[in-house]
Amino acid sequence: MQVAVIGTGAIATFVADSLRAAGFTLAAKLVRAEKARPDANHYGSVASLPRDLDIVIDCAGHEALRMHGPQILAGGIDLITVSLGALADSALAEELRTAAQRGGAKLHLASGAIGALDCLQAARVGALHSVVYTGRKPPKGWKGSAAELVMDLDALTHGAITHFDGSARDAALRYPKNANVAAAVALAGVGFDKTKVKLIADANATENIHEFTAQGDFGQLQFRVNGSALPDNPRSSALAAMSVVAKIQQLGDIVSF
Numbered sequence: 002m003q004v005a006v007i008g009t010g011a012i013a014t015f016v017a018d019s020l021r022a023a024g025f026t027l028a029a030k031l032v033r034a035e036k037a038r039p040d041a042n043h044y045g046s047v048a049s050l051p052r053d054l055d056i057v058i059d060c061a062g063h064e065a066l067r068m069h070g071p072q073i074l075a076g077g078i079d080l081i082t083v084s085l086g087a088l089a090d091s092a093l094a095e096e097l098r099t100a101a102q103r104g105g106a107k108l109h110l111a112s113g114a115i116g117a118l119d120c121l122q123a124a125r126v127g128a129l130h131s132v133v134y135t136g137r138k139p140p141k142g143w144k145g146s147a148a149e150l151v152m153d154l155d156a157l158t159h160g161a162i163t164h165f166d167g168s169a170r171d172a173a174l175r176y177p178k179n180a181n182v183a184a185a186v187a188l189a190g191v192g193f194d195k196t197k198v199k200l201i202a203d204a205n206a207t208e209n210i211h212e213f214t215a216q217g218d219f220g221q222l223q224f225r226v227n228g229s230a231l232p233d234n235p236r237s238s239a240l241a242a243m244s245v246v247a248k249i250q251q252l253g254d255i256v257s258f
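Residue numbers (the working numbering): 2 to 258.
Straight-line distance between alpha carbons at most 27 Å, and here's what the computed DSS-like set of lysine-lysine pairs gives: (1) K107 / K195; (2) K199 / K141; (3) K36 / K178; (4) K178 / K195; (5) K178 / K199; (6) K248 / K107; (7) K141 / K178; (8) K197 / K144.
Label-pair distances were calculated between CB atoms; the ranges are: (9) A204 / P39: 45 to 53 Å; (10) A37 / G77: 21 to 29 Å; (11) M68 / N234: 17 to 25 Å; (12) R236 / T163: 19 to 27 Å; (13) R67 / T163: 27 to 35 Å.
In short, the hints are calculated from the structure, not lab data.
Nothing here was measured: the structure is a model prediction, and the numbers come from that model.
We treat Cβ as the ideally placed atom computed from N, Cα and C, and that holds for glycine.
Given these sequences and hints, build the entire structure.
In structure tokens form, the structure reads like this:
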């Protein structure tokens, strides 16, 4: 399987190293045009990528998916992404869907920094009445986000403050770097508009905590992850990176869950 990775950050590096260790061929990296070095398999555009790619992995965020995703899919190449929050933009979601149909390709969604999404997918076959996602991080984990518009993160030295309470769609659009998990839960369950989201800055938290509850005909579900970061970037989720590798391994397996 010929694989390309978008990005050069902590998640992209982890994914590339893990795929090589698992025996996959990393044929290319898609990077900013000014960093392109074809002699090192670093390419600056989708058009310049090798023609024999089987799949591309997006590890570079919402803008990378917006910029490159439609062209990759329309070119007949499957794409894996962890930038699920970008799909809250209904116009982009439709553009990606149309491109995939045109190219006969598939957009695969990695689960990211959360689990139990298979339970949500199964539960929605019946009546799924409510899904609530809560994201809790130390104040520094919300630096550079919309949380800074409603509170002083540096002043929060004890206790916790909920700085967002709304739908998964609004969360994903307002917090493009912080709400991919909320988007994953929404896509697996009752959708962006019906999924309720709370985002909390907690001075007592030492990890990023993701949890959701669901109620429906199936019964009740509670799931929680206390997530660790990648060593190279305290803002990157180790589980999100691992989920990408797991997804591509799953696609290559004859039997998979």
